[in-house]
Amino acid sequence: MVHLSSACSPEERAVLMDIRSSLRRAHSMFSPDLWGHDDDECCSWETVTCNNSTRRVTHLDLSLVYLSADAGERWYLNLTVFSAFHELRYLDLSYNFQCSLSFEGLVGLPRLLYLDLSGITLGGGFLEFIGAFVSMEVLALNGNNITGGIPEAAFNNLRNLRQLNMSMNRLNGNLPASLFALPHLKILDLSNNIFDGYIPISSSSRPISLEVLDLSYNHLTGILPIKAFKNIRSLNLASNLFSGSLLVSTLALPHLKFLDLSDNHFEGDFPINFSSQQVPLEVLHLNGNNMSGALPTERAFENLRNLRQLYLSYNQFSGNIPTLAFQNLQNLRELSLSSNQFIGNIPSLLFSLPHIELLNLASNFFSGPIPINKSSNLSPSLKSLRLSQNKLNGRFSFIWLGDLIKLEEIDLSGNANLVVHVNIPGWTPPFQLKQLLLSGCDVDKSIIAEPHFLDTQHYLEVLDLSNNNLSVSMPHWLFTKEATLQELYLGNNSLTGLLDPIWHTQSFLQVIDLHMNHVTGQLPANISLMFPRLLILDVSSNNFFGHIPTSLCEINFMTLLDLSNNNFSGEFPACVFTNYPMLVSLKVSNNKLGGLIFGGMNNLSITSELYLDGNKFEGTVPRDLSGGTLMVIDLHDNELSGKLDMSLWNMSSLKVLQSCWQSYNWQNSSTNLQLYQI
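Heads up: the sequence shown begins at 1 in the numbering used here, then just goes up one per residue.
It should be emphasised that the hints constitute simulated quantities derived from the structure, not laboratory data.
Honestly, I wouldn't trust all of these hints.
Stated by the list, open to error - List time: in silico PhoX-like cross-link candidates among lysine-lysine, alpha-carbon distance up to 25 Å:
hint	residue 1	residue 2
1	Lys445	Lys391
2	Lys434	Lys374
3	Lys186	Lys227
4	Lys434	Lys445
5	Lys655	Lys643
6	Lys616	Lys587
7	Lys186	Lys230
8	Lys587	Lys643
9	Lys406	Lys374
Start from the sequences and build out the full structure, keeping to the hints where you can.
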């Protein structure tokens, strides 16, 4: 190939240097610092690509180049500078979140084929200029905070457009029919907007060119134009308002591999296709609809042998699962039938599907024993087993799971008559769980008293042993071992002893739930050092006493704090009322706490509910109280004085106020406020 020039265009090099300077002026933490270090040869600079013959810039990748430590700082980029790049075909400015620009600056680039402005706030009126890009093939405008409707003729000139992404905006109104008529458009993503009305395609229309269509998370209604979808490979219409019965032809589209119709209003039976001709469908999500009836007979899935994911959760399917209904789905990886009304025994076949990874049968009415024993032929690919909230019974031993080397999650919660044996002397499981949920089972009492099994699980993130009547001492070893535990649920048991201080930081632990036990003593003074990332702490209905440590206020991201129904005393730390910007719920009811109400503060940071009832708080409630989005306040049964004057309160979201005052001055702007005198 003949090189007409040995260096890039001086004009284009100067523009690139101007862009680098503008990034530096905006104090970007990331910028193309290597630009300019190679003399005049800008074609060798990172993220810059040139034509080998003309040495003109053809590709420019400026994605993620602007990030400022100051949230108020912005990169104001004048897009007219790009008109200097006469051969520019590819321009990526995506995910420069603090960048402001106007779309009209790009109209001088009629040859542009690829433009990605994802994640940038665009100036108004961009649709006025979109028609100038007659050569455009790929256009990404997702996450641009664009509002309003799309004019019917906005994209008429873009006859070469192949991909259009305008997801995650605030577009509304009807979908423009002209978009679906573009002759070369293969991929269209308009998800996460506010479009309503119908898909503007006639059911008798000839097949459209689209192969990938994502209209999920809108407000669309009507009937699906199935005949026009003959070329579709991926169709996502989740979280809309589509209704009616699901046609057999929907699952039999000749090229369809991915279909998500979840969270709509489809009803009726599962569509039965008795044809033996195989369809390419691999992913089928129908969860969150109003479908009902029994699952099809053994032959019904015969033409769906390619299925890898089948999600039917949150419907109204009922009856028994036919024993051999899934025998043809030998490629199935994920099966979710949760939150339906299935009854009877669980077919053992489901546990032996050769590639099954997720088996979710939770929240049904399955009964009988779990069809697993020491001689079962379990699929070694199984990772997640969810059988919670059923009516399972009998005996179940973890040693029967010895072949499941990939197992990461077990959820048997809510099966009160299921006897679960976890600790087996001398047995070391071959798997490492991330989640173990055994709430409300008849679980082996030694699971925390003699932690043979739990000691082998080094990557456990969630442990739920609540509602099991475990009568043992507080399992301090859980707080001292090196572990990745993030959530610990031990509520509604009969645990005794103390929550002792530890000097080992549990930096991963985010949830501790010890409610309704018999734990006593004081909260550790160094609790913020023990659990610095705690989000939820519930020690309600125990026997704790003494002062509440002020170090609680050093746990910055607490969302729920429940200390109610204990014997805490002394002044409640005032910092709790103001130091938690994310605190949704604070409950300290029925203790012996005192001090000024709200700690003398008048600007509360709690965002939803505040329960201070049944204590010894005193003083007068501030007239100028403000509480953001606080919805519930309970102050009754304290030692407060004065009149309750809400005339100056800045809490328009307040819905419930419980107090003991007989005298109110109420001019609160919340028309739904309920007042209770107790």
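Exercise. Going back to the hint list, which numbers does this structure go against?
Worked result: none
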